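Take a look at the letters that make up each chain.
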Amino acid sequence: MSLTTSSLTTSPLATSPSTTSPAAPAPAPLVTPVVLAGRRRSPVLDFCRRFARNPAALVGLVLVLALVAVALAAPYYYPRDPLRIVGRPELWPFTNPRFPLGTDSLGRDIAAVVAHGARTTLMIGLFASLTATLIGVGVGATAAYFGGWVDEVLMRVTELFQTVPNIIFILTVVAVLGQSIGNITIAVGVVTWTPIARMTRAEFLALRDREFVQACRAMGMGDVRIMLGEILPNALPPVIVLSSLVVASAVLFESAVSFLGLGDPNVASWGGLIGQGRTLIRSSWYICAVPGVAIMLTVLALNLVGDGLNDALNPKLRDR
Amino acid sequence: MRRILLRRFAQIIPLILGVIVLNFALIQMSPGSFLDVMTAEQQVSDPAMIERMRVLYGMDKPVIIQLLKYIWSVLTLDFGYSYRQNETVLAVIMQALPATVILMLASIAIALLVGVLAGVVAAVKVNTLWDNLISVGAVFFFAAPTFWLGIMLMIVFSVRLGWLPVGGMRDIGVDHGVIGIALDVMRHLALPALSLGLFYAAMYTRVMRASMLEVFRHDFVRTARAKGLSGAQVVVRHVFRNALLPVVTLLGLQLGTVLGGSVVIETVFSWPDIGSLMLDSVMSRNYPVVLGVLVLSSLIVAVANALVDIAYFRLDPRIRAR
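So the sequence lines, in the order shown, correspond to chains A and B.
Here numbering that gives the first Met the number 0 is used: position 262 in the first sequence is 261, and no number is missing along the way.
Here numbering that gives the first Met the number 0 is used: position 228 in the second sequence is 227, and no number is missing along the way.
Hints are supplied without guarantee of correctness; some may be wrong.
[As the list claims (entries may be wrong)] On the chain A side, residues computed to face chain B include the following (Cβ under 8 angstroms):
| # | residue |
| --- | --- |
| 1 | ALA110 |
| 2 | ILE166 |
| 3 | VAL175 |
| 4 | ALA255 |
| 5 | ARG277 |
| 6 | LEU279 |
| 7 | CYS287 |
| 8 | LEU299 |
[Stated by the list, open to error] Here are a few chain B residues that face chain A, going by a calculated C-beta distance under 10 angstroms:
| # | residue |
| --- | --- |
| 9 | VAL120 |
| 10 | VAL123 |
| 11 | THR127 |
| 12 | ASN241 |
| 13 | VAL263 |
| 14 | ALA301 |
I should point out that these hints are in silico values taken from the structure, not numbers from a laboratory.
In this text the structure is predicted, and so the values were computed from the model without any measurement.
Backbone N, C-alpha and C define an ideal beta-carbon position, used for all residues, glycine too.
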């Protein structure tokens, strides 16, 4: 059978590396409002309460919100091009009140670069995750819903993308299609969709033959409408968790690409700043340290939020 | 058993074909052929000469013929000729391969050792200070970009303390026989392997901890305790072995990323391996080498994945039964 072969050839645990949850298709929670003891409880409120129970997730959320605030404020606070030379090169942080985080090897304001870099990072992270989610959900849902040779072919393609080493593939795509933000975003999305596809497939497989889907079929609903309107909302919670974690890995990939000097040269980015400051680690190591801390905090916050979402959305793991 | 092994390895072939087609498609999509780069670099402007080169490199043929020819030559282990290094692509890659494999193996060893140990300690001492310290450390290393971690380690250990070399693979002029060379290489290997390994160690720590805690709840653990085994025996002989499975799985899934991660790490430490070759080839549109690296690294990952699956077979009899 196609199901057993494809699940055997790839390793049985098909979750993203950063989630520790097993891939066993958990019965997905219903997102529609649940009527409990005659009283309607808002699922949104319920979700918030569960999310708030996790202090680490709250810290992550605060950090992410702070980052978003910095990204939004950057063009007002530093209205001019952040890659402009503004002062003496290699000024240490906290020495000149005009440049709180110092200046880099060319005399650019590190604070401005970091603030504008937050915009770049968030944009690429969000859109790459969106790309990955669209591809992943599309592939996974189609594979599971139609089964048979469609499943077989799509899972082989998924395996193909899992086999190609990520960074090497991103570098190739960026090199071949050109160094622009759009291409980096697409490249990152194209390498990160595979866990989402597997998760969606597992969820769809579990839901495909449930009564409510059969009822929809009996009513004569079209395949697309059943997939998008009926199954997908039920399969969504774990997929959302994975997508939020993909944002974190997209941030890491983007920083690596710009660190290697293959990022968009006209855009301020954290990885690029580290790459340029690397030659000066003997005299001015802060040029590398500052943007690195920014990347780390961002990824950390996104991971914490992802874990919090996981706890809040997956009722099976919630009460551990 | 042998039939399953054969089938598992046979599945690699379509995978590699897929990689070839994928990359060939990518390169066809690119603006500007590598002929343009070549002629620009060598300052060739004579149209007759360019036309002769086009024919020489088979670029006048239809795309599908080029693809078929490429697939055929890859299957005969001929990856083409690198005009930059003036050597066959296979030779160029093979020169860089040992360094890559050493770095990969070393970082995986560090990741497994540190990750599994930390995970076990955290799970055994769950909800104590140890557990919290380990978990915070894991979260920290999981979020830090590897190349940044590498630079920070370099600042501390090479620049400030001066204990370890800044980069490269061997010191010039060190020649004290095999052992001397091995020690020298290990000194150079320490920082790159550590910075790459710690990221994965963080991941394995989390997985190992969760998996240990999961196994602790099983009935057979209670049985083992009930029949009077010591705590250490229960942990090592019963829980640990069963908890290892998810780590093995993750290891298989991660091999590709380890290989990719080494590309970034080695530019930090100028470790002479596939990464620098890849970057150089990407920058100069040396497509035969780019394709060769992609195909070969995918092959390495595919084979490693197959090996992990087989290890899984040995570790978990339930899978064998299927």
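Broken hints, numbered, in rising order?
1, 6, 9, 10, 11, 12
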